[in-house]
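> Got chain A sorted already, so can you dock chain B onto it with the hints?
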Amino acid sequence: MTTPAIPEGVKRCPTRQFTLWLAVVGAVLLWGVYAMFLIWYKGLNQTGMNDAYGFALWIWADLAVIALGGGAFFTGFLTYIIGKKELKSIINYAVIIGFICYSSALLILALDIGQPLRGWFIFWHANVHSMLTEVAFCLSCYFAVLTIEFIPLVLENPKLDRIPFLHHLSHNLHEVMAVFAATGVFLSFFHQGSLGGVAGVLYGRPFAFREGLLIWPWTFFLFTWSAAAVGPCFTMLITWLTEKITQKKLVRPEAFQLLAKISGWMLLTYMIAKIADTWYWAAVTAPSKGFSLMDFYSNNPVYGIWILIAELVICGIVPALILITRKGRENKKLLVTAAILAVLGVCINRWVMVLQVMAAPLLPFHDWYMYMPTWQEVATTILPVAYGAILISLAHRYLPVFPHEKELNPGQ
Amino acid sequence: MTQQPQHTKTKRYGMVIDLDKCTGCGACMVACYAENNVPFRQDESDKMRSLNWIRVMKVDNGKPFPDTQVCYIPMPCMQCDGQHMEGHSPCVSVCPAVATDYDQTTGIVSQIYTRCFGCRYCMAACPYHARKFNWWDPKWPADMEKYLNPDVSARMRGVVEKCSFCYHRYQKARDKAYVEGREELHEDEYQTACAQACPTNAIAFGDLHNPEHAVYSLSRSKTAFRLLERLNTNPKVYYLSSKSWVRRKADNYLEGENPEQIREKARKAAATH
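Here the protein sequences come in this chain order: A and B. When you line the first sequence up against UniProt numbering, it's residues 1 to 412, in that order. When you line the second sequence up against UniProt numbering, it's residues 1 to 273, in that order.
Looking at chain A on its own, in the form it has when it is part of the complex (with noise of 0.2 Å):
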């Protein structure tokens, strides 16, 4: 079916499908809307957060869409600044994804805060030394470049790019996108880090605490390392699922082929650094503050070592070893696994640095904190996915996104 509005020459689903689709989804968008209303109105209270549990599950969805957003900044790095060509296939998607990805941790973030009308204390009364100050002008400095990496996009529509202004206004911002990938790489390098900085400067809780350089420690750089490891497995993953429900080809293969080589590699490297960085821990960061390994795995009903060797090995290494391999990246089941298992892998690592910091007892008469999310929280945490995958939906429809999409499916 086509519209005006439609890109030319691509097929999509009949309006009353797409309408359909969109109430499904807008439903349990505003069962989101409805619970974020809650929390606003009445306060934290509504969340199982306590005393002893300040960080929980809004913060783990805050860092682990932000690593999964990740993929925007890499493939951009790797598009612009690196010059592979053939992820031209697939940088389109990718900077829509991270901009779900980062306007989702704004909007979880206006939620996670007592005094939501004073959220701009953080850029007004900034102090320097607090990584969540970094990570909120990073943040959102990197959220604003995302948009205008974006906006080219939107205007490409076949009804927008008919107005003259907006034609030349989107061929002018392609022509500098380079300037904004630079950008976005730098800022994202910052925070990304700060966002590991945040467990790994709180020298009272031995769990998150690492060493570090000068004022990093070493989460900063790991943070970053993962982030652009794993942020474009999502971004495979992601359009996996959409070939799968528009039942077309979208991407060219080269341009998975590439990605997936690229982040084998990252990932392979960052789960070495990762090792040597929990080896060093467990060896001698831990034992100086009076705590064992297995004090951190022990002793509670949820927190067994199976969490570290999942981390590590099932969702790291295993991954990053099909990943590296020619025929693990040309199974395509092979692959999608591979993406799954470190997409898991990096929420994993999120989880950990947030929820079982909190939970780990630190004097020796305190037990283990546990912790259950209310209605409210999980009905939030949700709202992103179904607003992205609104957002989704609406630009696949309207939007150029796949600039290969009408050679690689000629017979539609």
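Hints listed in this document are in silico derivations from the structure and should not be mistaken for laboratory results. Quantities reported herein were computed from a predicted structural model and do not represent experimental measurements. Any given hint could turn out to be false.
Below are the BS3-like pairs computed for lysine-lysine, each with C-alpha atoms no more than 27 Å apart in a straight line [to be verified]:
1) B:Lys-47 <-> A:Lys-42
2) B:Lys-243 <-> B:Lys-268
3) B:Lys-139 <-> A:Lys-42
Computed Cβ-Cβ distance ranges for the label pairs, DEER-style [claimed, not checked]:
4) A:Ala-144 <-> B:Ile-112: 27 to 35 Å
5) A:Phe-365 <-> B:Cys-25: 17 to 25 Å
6) B:His-209 <-> A:Ala-283: 33 to 41 Å
7) A:Leu-160 <-> B:Arg-41: 52 to 60 Å
8) B:Ala-214 <-> A:Val-33: 52 to 60 Å
9) B:Asn-61 <-> A:Asn-299: 16 to 24 Å
10) B:Thr-68 <-> A:Val-336: 56 to 64 Å
11) A:Trp-375 <-> B:Asn-61: 38 to 46 Å
12) A:Ala-283 <-> B:Ala-173: 46 to 54 Å
13) B:Cys-25 <-> A:Val-378: 39 to 47 Å
14) A:Ser-292 <-> B:Leu-148: 45 to 53 Å
Partial list, derived from the structure: chain B residues whose beta carbon lies under 8 Å from chain A [said to hold, decoys possible]:
15) Pro-90
16) Arg-120
17) Trp-135
Yeah, the Cβ is synthetic: ideal placement off N, Cα and C, and Gly gets one too.
Positioned in the frame of chain A, the structure of chain B alone reads:
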């Protein structure tokens, strides 16, 4: 032009709590509630969301009757000096909006309630769980509002609060001394509400730098220790106990480690700064 008072030396206000004297009566908590306008809920059974600036922990030696021994540990904010004794306390450096700060002239860690926007990073950073979040709007029964302390602001929903060593009392005492042309405060001029309320005199409060204050010598006694000393937070709240199992409960140790030796090492390291 008005001449400003000059500080002759830096003060380091701290507390020494003798656990052998503490009976766990909770008078310190009640006094703190009243003095600092700490709100409470109709149902206080959920202690994880209770507001209190000082709480009393009950610990035992883990042995069965008749060898069981119990100790009560009152825990206010530890007013940490930080890793290098420069005010880099766990909470201060992480606060993104400078809502919490370290006063170099007194060593007291402050909290500006109208600056705090409730990110709770300071709570995550504090190993003592000394910081409390206002999960609800504060409410007092109508008549009780008449008893609120006019020197202490009530805190609103969505911000973090904590023990300030009754800083408003310090301000009052300092103003009085200034009017009288003095620069130094006597020990009894500035005391916290919990120290004054303690029926067994288990809590001593004063300037840890001033040899004339009781806390000076008490904090240097052989049985003095601090909680989680190995984390290098350098708290200004000291505890006294003659019981080795109580001292061992104050920190984490690996099997075979000697707590006394490690504590002595930490004390020497802190003293060199």
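> Does Lys-42 (chain A) sit within 27 Å of Lys-47 (chain B), going by the straight-line distance between their CA atoms?
20 Å, holds
> Using Cβ atoms only, decide whether Pro-90 (chain B) comes closer than 8 Å to chain A, and label the hint accordingly.
At 4 Å from the nearest chain A Cβ, Pro-90 (chain B) passes the 8 Å test, so the hint holds.
> When you check the alpha-carbon spacing of Lys-243 (chain B) and Lys-268 (chain B), does it fall within 27 Å?
22 Å, holds
> Can the suggested window of 27 to 35 Å be confirmed for the beta-carbon pair Ala-144 (chain A) and Ile-112 (chain B)?
Check passed, 30 Å falls within 27 to 35 Å.
> So the hint says 45 to 53 Å: do the beta-carbon atoms of Ser-292 (chain A) and Leu-148 (chain B) match that?
48 Å, holds
> Please check whether Trp-375 (chain A) and Asn-61 (chain B) have a Cβ separation lying inside 38 to 46 Å.
Roughly 43 Å apart at Cβ, these two residues keep to the hinted range, so it holds.
> Between Asn-61 (chain B) and Asn-299 (chain A), does the beta-carbon spacing fit 16 to 24 Å?
The hint (16 to 24 Å, Cβ to Cβ) holds, given that Asn-61 (chain B) and Asn-299 (chain A) are roughly 19 Å apart.
> Cβ-Cβ distance between Thr-68 (chain B) and Val-336 (chain A): within 56 to 64 Å?
Since the Cβ atoms of Thr-68 (chain B) and Val-336 (chain A) sit about 59 Å apart, the hinted range of 56 to 64 Å holds.
> Given Arg-120 (chain B) was flagged as interface, is its beta-carbon under 8 Å from a beta-carbon of chain A?
With a closest approach of 4 Å, the Arg-120 (chain B) hint holds.
> If I claimed the Cβ atoms of Ala-283 (chain A) and Ala-173 (chain B) lie 46 to 54 Å apart, would that claim hold in this structure?
50 Å, holds
> Does the CB of Trp-135 (chain B) sit less than 8 Å away from some CB of chain A?
4 Å, holds
> So if I understand the rule, the pair passes when the alpha-carbon distance is 27 Å or less; does Lys-139 (chain B) with Lys-42 (chain A) pass?
This hinted pair holds, its Cα atoms lying about 15 Å apart.
When the structure is compared with the earlier hints, no violation turns up for any of them.
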